[in-house]
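Read off the chains here:
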Amino acid sequence: EDQVTQSPEALRLQEGESSSLNCSYTVSGLRGLFWYRQDPGKGPEFLFTLYSAGEEKEKERLKATLTKKESFLHITAPKPEDSATYLCAVPGGGSNYKLTFGKGTLLTVNP
Amino acid sequence: KAGVTQTPRYLIKTRGQQVTLSCSPISGHRSVSWYQQTPGQGLQFLFEYFSETQRNKGNFPGRFSGRQFSNSRSEMNVSTLELGDSALYLCASSLAGQGWDTQYFGPGTRLTVL
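Protein chains in written order, with my numbering: chain A, 10 to 120; chain B, 34 to 147.
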């Protein structure tokens with residue numbers, strides 16, 4: 010069964026203090042890994058898709074990387090508006106069309 | 034392009050009642066998935082539809098059902114509501130429903146069961 014584990018569960022940073030979030034996964038035949046951002050009471054907002062080990066993608070202060078066993082979301086010089094829950098997910102293998110999500114990392118950036 | 038829309042945004046029901054939630058996918062998207070999100074379990078997959086056919090179902094009781102119409106709009110129904118059904122119900126759409134397609138989420142329907 011596909012499994013996704015995110016760490017830490019919660020992270021508090023000062024504005025400008027860079028850090029990384031971790032997403033480790035167990036899936037047969039990785040077909041992609043997705044990162045989403047979710048604000049309270051809203052639906053997840055798509056950030057990145059990574060398809061193969063070694064791939065990196067960037068968007069503003071966020072950079073996502075992928076290895077064969079885990080993915081990192083690096084946050085450089087975060088701002089208070091980056092505060093949110095960050096979720097990673099992997100699609101199932103074969104004819105399984107669902108996404109398996111991790112529990113998320115709640116990021117709080119203090120001014 | 035308009036995003037995924039869900040109606041209603043909020044619902045309050047009592048135990049034993051039934052509820053129907055609606056989802057309109059992004060124009061051109063043919064796959065619609067439903068997820069339940071709770072603080073304890075996180076996001077859990079309910080089912081996925083493509084061209085009016087349910088292709089996958091998660092580990093939820095038969096009280097949870099859904100359907101998709103020819104215009105790709107989808108509905109999910111929960112019968113005989115229980116307190117534990119209180120959750121944020123999220124709908125997501127993707128272009129062709131392949132495993133690697135990006136799923137775009139709607140704002141969700143917050144269901145409270147009293």
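Hints are computed from structural coordinates only; laboratory data are not their basis. Treat each hint with caution, since some may be false.
If the Cβ cut is set under 10 Å, some of the chain B residues that face chain A in the computed set are [what the hints assert, rightly or not]:
1) S66
2) Q70
3) N89
Derived SDA-like pairs (lysine to any residue); straight-line CA-CA distance at most 25 Å [to be verified]:
4) A/K68 / B/K90
5) A/K66 / B/Y43
6) A/K51 / B/T71
7) A/K88 / A/S29
8) A/K72 / B/S55
9) A/K112 / B/E115
10) A/K88 / A/E65
11) A/K51 / B/Y43
12) A/K68 / B/P140
13) A/K112 / B/K34
14) A/K112 / B/T145
15) A/K77 / B/Y43
16) B/K46 / A/E65
17) A/K77 / B/D134
18) A/K112 / B/N89
19) B/K90 / A/S37
20) A/K68 / B/T135
21) A/K51 / B/P72
22) A/K112 / B/Q51
23) A/K112 / A/Q23
24) A/K112 / B/T135
25) A/K112 / B/G61
26) A/K51 / A/S37
27) A/K112 / B/N104
28) B/K34 / A/G50
29) A/K51 / B/G61
Nothing here was measured: the structure is a model prediction, and the numbers come from that model. Even glycine gets a Cβ: it sits at the ideal position worked out from N, Cα and C.
- Query: Of the hints given before, which are not true for this structure?
  - Reply: 4, 5, 8, 13, 15, 16, 22, 25, 26, 27
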